[in-house]
Amino acid sequence: MQIAKVRGTVVSTHKELSLRGVKLLLLQFIDEEGRLLPEYEVAGDQVGAGADEWVLVTRGSAARQIDGSERRPIDAMVVAIIDSVSVDNRLLYNKKDQYR
Amino acid sequence: MQIAKVRGTVVSTHKELSLRGVKLLLLQFIDEEGRLLPEYEVAGDQVGAGADEWVLVTRGSAARQIDGSERRPIDAMVVAIIDSVSVDNRLLYNKKDQYR
Amino acid sequence: MQIAKVRGTVVSTHKELSLRGVKLLLLQFIDEEGRLLPEYEVAGDQVGAGADEWVLVTRGSAARQIDGSERRPIDAMVVAIIDSVSVDNRLLYNKKDQYR
Amino acid sequence: MQIAKVRGTVVSTHKELSLRGVKLLLLQFIDEEGRLLPEYEVAGDQVGAGADEWVLVTRGSAARQIDGSERRPIDAMVVAIIDSVSVDNRLLYNKKDQYR
Amino acid sequence: MQIAKVRGTVVSTHKELSLRGVKLLLLQFIDEEGRLLPEYEVAGDQVGAGADEWVLVTRGSAARQIDGSERRPIDAMVVAIIDSVSVDNRLLYNKKDQYR
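Protein chains in written order, with this note's numbering: chain D, 333 to 432; chain W, 333 to 432; chain V, 333 to 432; chain U, 333 to 432; chain L, 333 to 432.
Bound-form chain D, shown alone (with noise of 0.2 Å):
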């Protein structure tokens, strides 16, 4: 999975009929030191996810692995919402911090 940071939404009225209720969030990666890359994905989210929340991306056929979603054609879903990232002991994310 790859670490990306919700950057906003997408919103389609004229779709595939499988992707009606699903929430569309633009996800920007981040690299392991935490900076924002150019890399982009539009995932699907039904784990509730918020504005600049760090969260996970799954891609590919995994994205399918969701309950409600096997038959989706979607290649991209938030499976998880961060609470801390950890890199050679140091906390290089915590989101309590980002909310206090």
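Hints are supplied without guarantee of correctness; some may be wrong.
Identical copies carry no separate label here, and so any pair may be met within one copy or between two of them.
Subject to a maximum C-alpha distance of 25 Å in a straight line, what follows is the list of computed DMTMM-like cross-link-like pairs (lysine to aspartate or glutamate) [what the hints assert, rightly or not]:
1) 427 with 364
2) 355 with 365
3) 355 with 420
4) 355 with 399
5) 427 with 415
6) 355 with 415
7) 428 with 363
8) 355 with 385
9) 427 with 371
10) 428 with 415
11) 427 with 385
12) 428 with 385
Rather than coming from a laboratory, the hints here were simulated on the basis of the structure. Because the structure is a prediction, the values reported are computed rather than measured.
Assemble the complex: chain D is given as a structure, and chains W, V, U and L must be docked to it using the hints.
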């Protein structure tokens, strides 16, 4: 999924039989700032996207999760015509503005 | 799918049994302006593409959605010989012009 | 598979239910000369890899070919802790040397 | 598939049980001119490729379309030892020449 702009079409008469009747669009990817990227994708389209529209393209096995395409050798499909994209609460793209 | 030009062939006698009888083409990718890119792919071909022709190549599990190839360990297949590519209503490639 | 070094961990309480109990490691990829690359991956771990160990990471649908993870929305898993890597008959990495 | 050169081996004793008995080769990719690329892949090998040989490597779910590997968490497999590669009717590689 990736955000892409409809740039053109690809026509083929000599192809896998299962691809008959599938419209093939040439899509060019767009970055999170709305700029055209050098990457493109030829994708099937069943939602009826038109020239210059912004669309969502799904890739990999997800492209076959569409009625009638389950057994087609297609690795990319247009799954939505985008109405709007918002980044950091700013409207990056609004389809209505493009067509006024 | 990606647009690619047939550049050559790959021959192997010592291979997985299920690959017997599959013609393997060396394809070089082409960008949206018609220029050769550094990326290439070795793909199976059952549509009969010839040297210098422009083709569509599908990758991933889609490459096995072809009669007789469902269980072959192939991750790329030629699925169409391209007649024409149009970008912004301009003809980028026309097979007839190439062979006159 | 890719060779990667265990750099850290990712913790999440709010996530897909099926991810409960899966340890998530932050892996950084290593090139064929043993240098750290900028690319990383967050992968599930059921083999018990520790900090700084070199591991093999598998991606895509292969990450679900592990007992108990068949239906998990995971696109990367640690599948082996590396003992040694040899390139051109030269020992590039030997786990024993790292831990003496 | 990609063309790669066998550069070395990876040894692991602590791994997923289903990987037992699978030889793991370190492959380095080769471009369409025969030059070594920085990208590598660790792949399973059941065809018996030897050091410095040019091979075809398949990636993704195709790597499991091999007898006995259907449930292995492997995302890359050697599927052929290359005899020759021809580009624009010029012989780029000929195995016999390499070993005389």
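Here is what the structure says about each hint:
{"no.": "1", "hint": "427 with 364", "in the structure": "both (16 Å within a copy, 24 Å between copies)"}
{"no.": "2", "hint": "355 with 365", "in the structure": "between (28 Å within a copy, 21 Å between copies)"}
{"no.": "3", "hint": "355 with 420", "in the structure": "between (35 Å within a copy, 16 Å between copies)"}
{"no.": "4", "hint": "355 with 399", "in the structure": "both (15 Å within a copy, 21 Å between copies)"}
{"no.": "5", "hint": "427 with 415", "in the structure": "within (5 Å within a copy, 32 Å between copies)"}
{"no.": "6", "hint": "355 with 415", "in the structure": "both (21 Å within a copy, 14 Å between copies)"}
{"no.": "7", "hint": "428 with 363", "in the structure": "within (20 Å within a copy, 30 Å between copies)"}
{"no.": "8", "hint": "355 with 385", "in the structure": "both (15 Å within a copy, 21 Å between copies)"}
{"no.": "9", "hint": "427 with 371", "in the structure": "both (22 Å within a copy, 23 Å between copies)"}
{"no.": "10", "hint": "428 with 415", "in the structure": "within (8 Å within a copy, 34 Å between copies)"}
{"no.": "11", "hint": "427 with 385", "in the structure": "within (8 Å within a copy, 27 Å between copies)"}
{"no.": "12", "hint": "428 with 385", "in the structure": "within (11 Å within a copy, 30 Å between copies)"}
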